[in-house]
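> Here's the letter readout for the chains.
2 protein chains.
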Amino acid sequence: MTQTPQPNLLIVGSMALDTVKTPIGEAVDALGGAADYSSVAASFFSPVQLVGVVGSDFPVEHLDFLSSRNIDLTGVQIVQGGQTFRWSGYYDFDLNVAHTLETHLNVFADFSPTLPDDYRAADYVFLANIDPDLQLEVLNQVTNPKLTMCDTMNFWIEGKRSALLKVLERVDIAVLNDAEARQLTGTLSTIKAAKEIQCIGPKVVIIKKGEHGALLFHNGRHFSAPSYPLETIADPTGAGDSFAGGFIGYLASKDDISEKSMRKAVVYGSVMASFNVEDFSLNRMRTLDSKQINSRYQAFRDIAFFDAWSDAEV
Amino acid sequence: MTQTPQPNLLIVGSMALDTVKTPIGEAVDALGGAADYSSVAASFFSPVQLVGVVGSDFPVEHLDFLSSRNIDLTGVQIVQGGQTFRWSGYYDFDLNVAHTLETHLNVFADFSPTLPDDYRAADYVFLANIDPDLQLEVLNQVTNPKLTMCDTMNFWIEGKRSALLKVLERVDIAVLNDAEARQLTGTLSTIKAAKEIQCIGPKVVIIKKGEHGALLFHNGRHFSAPSYPLETIADPTGAGDSFAGGFIGYLASKDDISEKSMRKAVVYGSVMASFNVEDFSLNRMRTLDSKQINSRYQAFRDIAFFDAWSDAEV
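Top to bottom, those sequences are chains V and X. Numbers in our numbering are just positions in the first sequence, counted from 1, shifted up by 16. Numbers in our numbering are just positions in the second sequence, counted from 1, shifted up by 16.
The hints are simulated quantities; they were obtained by calculation from the structure and are not laboratory data. Just so you know, not all the hints are guaranteed correct.
[Said to hold, decoys possible] Anything over 10 Å on all C-beta distances counts as not near chain X; from chain V, calculated: (1) 113; (2) 115; (3) 136; (4) 171; (5) 303; (6) 309.
[Stated by the list, open to error] Below, in silico cross-link-like pairs of lysine to aspartate or glutamate (EDC-like), each with a Cα-Cα straight-line distance of 20 Å or less: (7) 307(X) <-> 318(X); (8) 225(X) <-> 212(X); (9) 208(X) <-> 294(V); (10) 211(V) <-> 318(X); (11) 225(V) <-> 194(X).
All figures in this text were calculated on a predicted structure; none of them were measured in a lab. Ideal Cβ positions, reconstructed from N, Cα and C, are used throughout, including at glycine.
Whenever a hint applies, use it, and build me the whole structure from the sequences.
This is the structure in structure tokens:
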């Protein structure tokens with residue numbers, strides 16, 4: 017009997033030390049970065065091959081934690097004498113808006129991602145938030161992916177628009193938040209924005225709306241996932257990255273990119289984001305287990321249910 | 017064979033002539049008001065007994081339209097020589113925010129709702145947006161309602177807080193938008209706000225979130241309904257009233273106030289709101305039919321579906 021090999025999931029993006037203050041408390045030089053958040057969220061579903069860069073100041077216990085989550089660090093460059101990318105910011109009572117205090121690119125300023133040979137055959141590729149030129153370099157190195165997905169942020173929409181458009185022309189899925197989608201397309205309707213992004217290239221567009229859930233646009237159809245009703249959010253940092261990691265980790269684990277699978281994946285992404293914001297940095301991920309994940313997935317079913325449904329409907 | 021009598025649905029609230037400008041166009045002295053919007057939306061499910069007041073300037077064709085929708089106008093006072101309540105306002109590109117230009121209470125300044133005798137036995141009562149003292153007067157006149165529900169607005173939360181709290185202590189359901197819920201309770205979390213309102217009195221709280229759908233809080237459980245993905249909104253005026261009318265009209269038509277029925281009712285309310293905003297004033301309601309309503313209800317099922325469900329789950 018031949019066993020189907022587990023598909024490979026490659027994630028590239030920022031690895032960071034974050035200093036964050038929220039109305040609930042603060043974290044100083046804590047593990048952060050889009051690639052760290054998304055890889056750890058994905059790792060609950062699938063092994064991950066990580067590509068990123070850190071300085072020699074990056075605490076070894078963070079690397080140990082990532083390794084312990086079944087994340088392959090062969091693709092992580094450690095620049096001796098270099099400083100890790102650092103972001104500091106705060107959230108006021110409107111937790112939807114991150115206020116940046118300082119950004120130090122440090123080792124990211126000269127980073128050029130080089131994929132280890134065994135990463136090039138990756139089946140699933142997530143280009144987490146990072147300079148779109150670096151996202152293109154990664155796309156150029158993977159040989160035959162089944163599914164590629166990119167995230168981005170306002171900084172690149174403003175400063176690297178043409179490189180970002182090239183990325184969007186080549187990926188299968190774009191995942192971004194509602195403000196970014198409207199900014200990218202210059203429209204005030206999130207629905208119109210999603211459809212216009214589909215015209216640029218990605219067949220599938222996912223809009224993250226924070227406390228209002230997430231939308232999936234696929235094949236002219238529309239799926240709306242609720243959010244989990246948290247009364248208290250400790251730290252919203254990394255929610256979108258955890259969402260994207262949970263989403264693509266679930267798809268890779270099932271090796272199924274049908275619309276039906278993607279709808280479930282959006283909910284698993286929402287589950288991971290809802291856990292992530294319960295604590296600072298990646299702390300909630302350190303104690304999370306699959307039983308808790310499945311229990312919250314069931315809670316999402318209960319939150320969204322209003323009439324008898326059958327599998328036949330999608 | 018005894019036939020179960022159709023339950024009576026009573027709606028009280030403002031009847032108005034609105035002048036509205038939006039990025040799409042404008043309407044002048046058009047049929048509006050919370051009671052008109054909610055009664056017409058409800059009338060697609062159940063006959064309505066309407067309580068309100070207009071001046072003798074209120075066009076007879078509006079009364080004819082309401083009558084044609086199976087809305088009983090016995091409870092509508094027509095003040096000879098009086099002027100109908102008028103509101104004028106505009107929406108910028110953020111269609112969630114109504115900017116008021118002028119409000120003329122006119123005949124509403126001296127209005128005291130008096131229920132016709134056959135209205136007092138109403139089974140379902142919706143106190144649409146109106147002075148909470150008038151809402152209390154109506155509550156004092158109904159004899160044995162099965163279900164009472166109230167709406168309100170920022171103006172009464174600021175100016176008539178203690179009367180509003182008395183209303184909330186006495187109704188079964190409060191329906192309000194997210195900003196109003198947070199304002200009423202002085203909290204920044206919509207989830208916390210809903211739970212605090214339940215502590216004031218209503219067992220059920222419904223939060224309207226416009227383009228982000230609606231939330232139902234019931235028995236310690238939480239239901240999130242999506243919104244319909246409209247690319248263009250002609251006029252958001254009356255969306256919340258149409259939602260509430262569709263919601264309570266559906267409940268009255270089924271004479272079922274179980275949680276399961278309320279979840280479906282939230283979706284029917286969302287369906288009615290989504291149609292209402294497609295045109296100015298109540299114009300879309302003039303051509304709407306039950307086939308279109310049922311077709312959009314099915315679309316909501318498709319939008320929310322992500323996994324096999326059975327009726328057993330709620």
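> Now, for every hint given, state plainly whether the structure supports it.
Against the structure, the hints come out as follows:
1. For residue 113(V), the non-interface assignment is confirmed: its Cβ lies about 13 Å from the closest Cβ of chain X, beyond the 10 Å cut-off.
2. With a least CB separation of 16 Å from chain X, residue 115(V) remains clear of the 10 Å interface cut-off, as annotated.
3. Distance to chain X confirms residue 136(V) as a non-interface residue, since its nearest Cβ pair spans about 33 Å, more than 10 Å.
4. Every C-beta of chain X lies more than 10 Å from that of residue 171(V), the closest at about 24 Å, which supports listing it as non-interface.
5. Remark: the non-interface label on residue 303(V) is consistent with the geometry, its nearest Cβ contact in chain X lying 23 Å away (cut-off 10 Å).
6. Against the 10 Å criterion, residue 309(V) stays outside the reach of chain X, whose nearest CB is about 14 Å from its own CB.
7. In summary, the hint linking residue 307(X) to residue 318(X) is supported, as the alpha carbons are separated by about 17 Å, within the 20 Å threshold.
8. Between residue 225(X) and residue 212(X) the alpha-carbon distance is near 18 Å, which keeps this suggested pair within the 20 Å criterion.
9. At roughly 16 Å between alpha-carbon atoms, residue 208(X) and residue 294(V) fall within 20 Å of each other, so this suggested pair holds.
10. Distance hint between residue 211(V) and residue 318(X) is fulfilled; the C-alpha atoms sit about 18 Å from each other, no more than 20 Å.
11. Among the hinted pairs, residue 225(V) with residue 194(X) is consistent with the structure: their alpha-carbon atoms are about 16 Å apart, no more than 20 Å.
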